[in-house]
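In order, the protein sequences belong to chains A and B.
Note that my numbering numbers the first sequence so that position 88 is 88, with each residue one more than the last.
Note that my numbering numbers the second sequence so that position 132 is 132, with each residue one more than the last.
Think of the hints as simulated: they come from the structure by calculation, not from any bench.
Each hint should be verified, as a subset may be incorrect.
Pairs involving identical chains hold if they fit within one copy or between any two copies, as the list cannot separate such chains.
To be verified - No farther apart than 25 angstroms at their CA atoms in a straight line, the calculated lysine-lysine pairs in the DSS-like style are these: (1) K338 <-> K275; (2) K249 <-> K221; (3) K23 <-> K194; (4) K275 <-> K188; (5) K248 <-> K176; (6) K194 <-> K70; (7) K78 <-> K188; (8) K338 <-> K70; (9) K188 <-> K120; (10) K249 <-> K176; (11) K338 <-> K23; (12) K117 <-> K338.
Number of protein chains: 2
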Amino acid sequence: LKIIFDLLGGDNSPFAGIEGCVKSLDRYPDTEFILVGDEAQTETALEQYTFDRNRITTIHAPEAITGNDKPTEAVRTKKDSSMMTAIRMLKDDGDISALVSTGATGSLMAGTMLRIKRIKGIRRPAFCPVLPTMSGGVVGVCDSGANVDILPSQFVQFAILGSNYIRAAYGIDDPKVALLNIGTEEEKGDELHKKGYELLSNTPGINFVGNMEARDLLTGKYDLVVADGFSGNIMIKSAEGTALELLKKIKRDINKKVKYKMGAALMYKMFMEEKEFMNYQNYGGSVLLGTEKIIVKGHGSADVNCVMKCIELAHSMYIHNMNDKVNEALETAKETIKESEEKEDV
Amino acid sequence: LKIIFDLLGGDNSPFAGIEGCVKSLDRYPDTEFILVGDEAQTETALEQYTFDRNRITTIHAPEAITGNDKPTEAVRTKKDSSMMTAIRMLKDDGDISALVSTGATGSLMAGTMLRIKRIKGIRRPAFCPVLPTMSGGVVGVCDSGANVDILPSQFVQFAILGSNYIRAAYGIDDPKVALLNIGTEEEKGDELHKKGYELLSNTPGINFVGNMEARDLLTGKYDLVVADGFSGNIMIKSAEGTALELLKKIKRDINKKVKYKMGAALMYKMFMEEKEFMNYQNYGGSVLLGTEKIIVKGHGSADVNCVMKCIELAHSMYIHNMNDKVNEALETAKETIKESEEKEDV
């Protein structure tokens with residue numbers, strides 16, 4: 001497996017990326033890395049580690065794309081940036097199977113859309129981050145923001161992509177798939193979601209269990225939430241914001257009384273565990289599904305731990321031949337998708 | 001102020017409603033209640049309280065509408081139910097200014113849409129629940145689920161309705177209004193939200209501060225979130241679900257070690273305060289805005305405390321002449337709304 005790693009644009013760039021790649025070499029003896037960034041800086045950083053130099057190559061592309069760059073402009077004007085160079089190499093070099101980046105999400109999406117082939121039958125790629133559930137598992141959300149205007153047939157594509165990802169990366173055999181809606185009843189929601197429910201119910205090969213409400217995101221009832229990118233994004237951010245604000249409030253309140261501080265001291269380890277449980281760094285990032293190559297977007301604030309998790313995700317998708325399985329699933333479901341697409345004015 | 005109270009359909013019906021009304025008599029000497037439900041049962045329950053009998057009348061309509069009734073059918077087939085009777089009386093009796101119900105939301109919405117006049121210039125009523133913020137205030141969300149398919153001009157209507165409600169019910173002079181979107185930048189979101197941003201920016205008389213992300217719902221940065229009903233609903237349920245699941249997890253984890261239990265014992269009062277802080281019963285329920293009469297929908301599980309909060313909300317809207325102020329605001333913003341509506345294919 002050859003992974004190209006975009007070193008720039010993240011909060012801890014480039015060092016978290018460099019260390020994460022070097023540390024992953026031992027874990028995955030079948031893997032090689034191409035590091036794209038400021039070559040001199042990368043080489044100097046690499047000198048502090050002992051590893052097989054044949055397994056890491058460096059590419060010089062010192063320009064970074066940041067969150068301040070407008071994606072559509074970044075794609076055109078920053079062609080030699082580390083991200084766009086990595087995307088171009090991913091496209092051109094048949095030996096490179098995966099890209100990992102902790103750079104700007106919008107630009108990664110825009111660059112990928114422009115250069116990397118989609119899987120046949122997939123209208124547009126979708127982001128699928130995972131969150132920890134309170135029952136100790138994970139739940140994926142596909143799409144979580146790459147597609148704000150969608151067609152009903154895309155729900156089926158998201159379900160197929162997400163199911164195969166959850167299976168490949170988290171070893172869940174028959175992921176329970178639910179459609180994000182404003183109620184669990186079949187007739188809930190707007191026309192898009194009503195049609196989506198109908199299509200998902202009729203799609204062979206996925207384990208569709210019905211509509212879900214956002215309040216059940218973290219309960220562990222579902223392994224994959226299928227959502228339009230707009231409401232999927234809002235559900236995730238609302239959950240993340242609430243968890244963060246609530247823990248901050250508890251922390252503030254503890255400091256109000258000596259008695260609370262004493263209690264909290266006894267519970268210190270537990271609170272650390274809760275914090276760790278919700279630390280998104282442990283869950284890597286969001287994969288972009290639906291392209292012929294593997295693309296993993298690490299959090300902008302990714303640390304070494306997070307980078308290694310991203311590499312693990314790319315590796316899992318690769319060794320489980322995820323995209324081959326997606327192709328098979330699309331073939332199985334092709335009647336459902338085709339029938340719907342014919343009615344959609346695409 | 002004459003309030004008609006639908007006693008049936010809630011988890012604690014009819015007794016929470018009866019007690020809540022009786023207890024509110026002292027607080028609001030200007031207020032009278034009409035209680036709709038099983039008259040014999042209501043009269044028997046009322047006998048245990050001492051109060052001015054001239055200020056409470058009872059109406060016999062013993063049939064309840066539940067969450068299992070399909071709203072469109074309930075409106076037609078359960079015309080004599082307590083809810084539909086209350087709605088009819090609210091419509092016909094000019095002296096009755098407000099309706100409070102803890103019954104089924106969908107049916108209340110359907111019945112209201114059919115019978116109660118909308119404020120001129122408002123396309124459809126909208127629900128506006130409030131949530132507690134971590135800075136100790138509240139934030140309203142309008143709409144939170146009454147409208148799943150909306151037109152851009154409705155964002156302006158929601159902003160006007162919500163701002164005036166937050167001002168009347170919570171005493172916030174110049175509520176900061178944000179549009180729920182998937183990013184804070186102006187150009188974020190689908191066409192609907194881009195157009196909504198533009199309209200809100202150009203609406204005189206509201207304090208529009210821009211797009212917001214769902215992660216900032218509880219931070220206290222905003223007093224009112226304007227949202228399409230679909231994503232507003234998802235944001236709220238995701239926040240509620242996360243808070244609930246997180247507290248449940250903490251509770252479970254405390255029980256794992258004696259040390260944690262000891263710590264938690266010291267922090268008992270604090271945990272109770274957190275629980276109370278997030279107890280939605282303290283925040284009453286969701287008002288339905290945009291109708292000529294005041295309509296408050298209490299939580300299905302409303303207790304006496306929650307019922308009294310609902311009555312307080314109705315009373316505040318009444319004494320602050322909220323709807324007059326909405327009319328003035330609609331007049332001020334009429335050019336913005338008109339211009340947009342002309343382009344919308346209504």
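Hints, verified against the model:
1. K338 <-> K275: Classified as neither: same-chain Cα gap 45 angstroms, cross-chain 50 angstroms, threshold 25 angstroms.
2. K249 <-> K221: Intra 28 angstroms, inter 15 angstroms, cutoff 25 angstroms: inter-copy only.
3. K23 <-> K194: Neither. Shortest intra-copy (47 angstroms) and inter-copy (44 angstroms) distances fail the 25 angstroms Cα cut-off.
4. K275 <-> K188: neither (36 angstroms within a copy, 31 angstroms between copies)
5. K248 <-> K176: between (33 angstroms within a copy, 23 angstroms between copies)
6. K194 <-> K70: Cα proximity of K194 and K70: across copies only (16 angstroms, versus 34 angstroms in one copy).
7. K78 <-> K188: Close across copies (22 angstroms), not inside one copy (45 angstroms); limit 25 angstroms.
8. K338 <-> K70: So K338 and K70 fail the 25 angstroms test inside a copy (35 angstroms) and across (33 angstroms) alike.
9. K188 <-> K120: neither (31 angstroms within a copy, 28 angstroms between copies)
10. K249 <-> K176: between (34 angstroms within a copy, 22 angstroms between copies)
11. K338 <-> K23: Close neither inside one copy (45 angstroms) nor across copies (62 angstroms); limit 25 angstroms.
12. K117 <-> K338: within (20 angstroms within a copy, 45 angstroms between copies)
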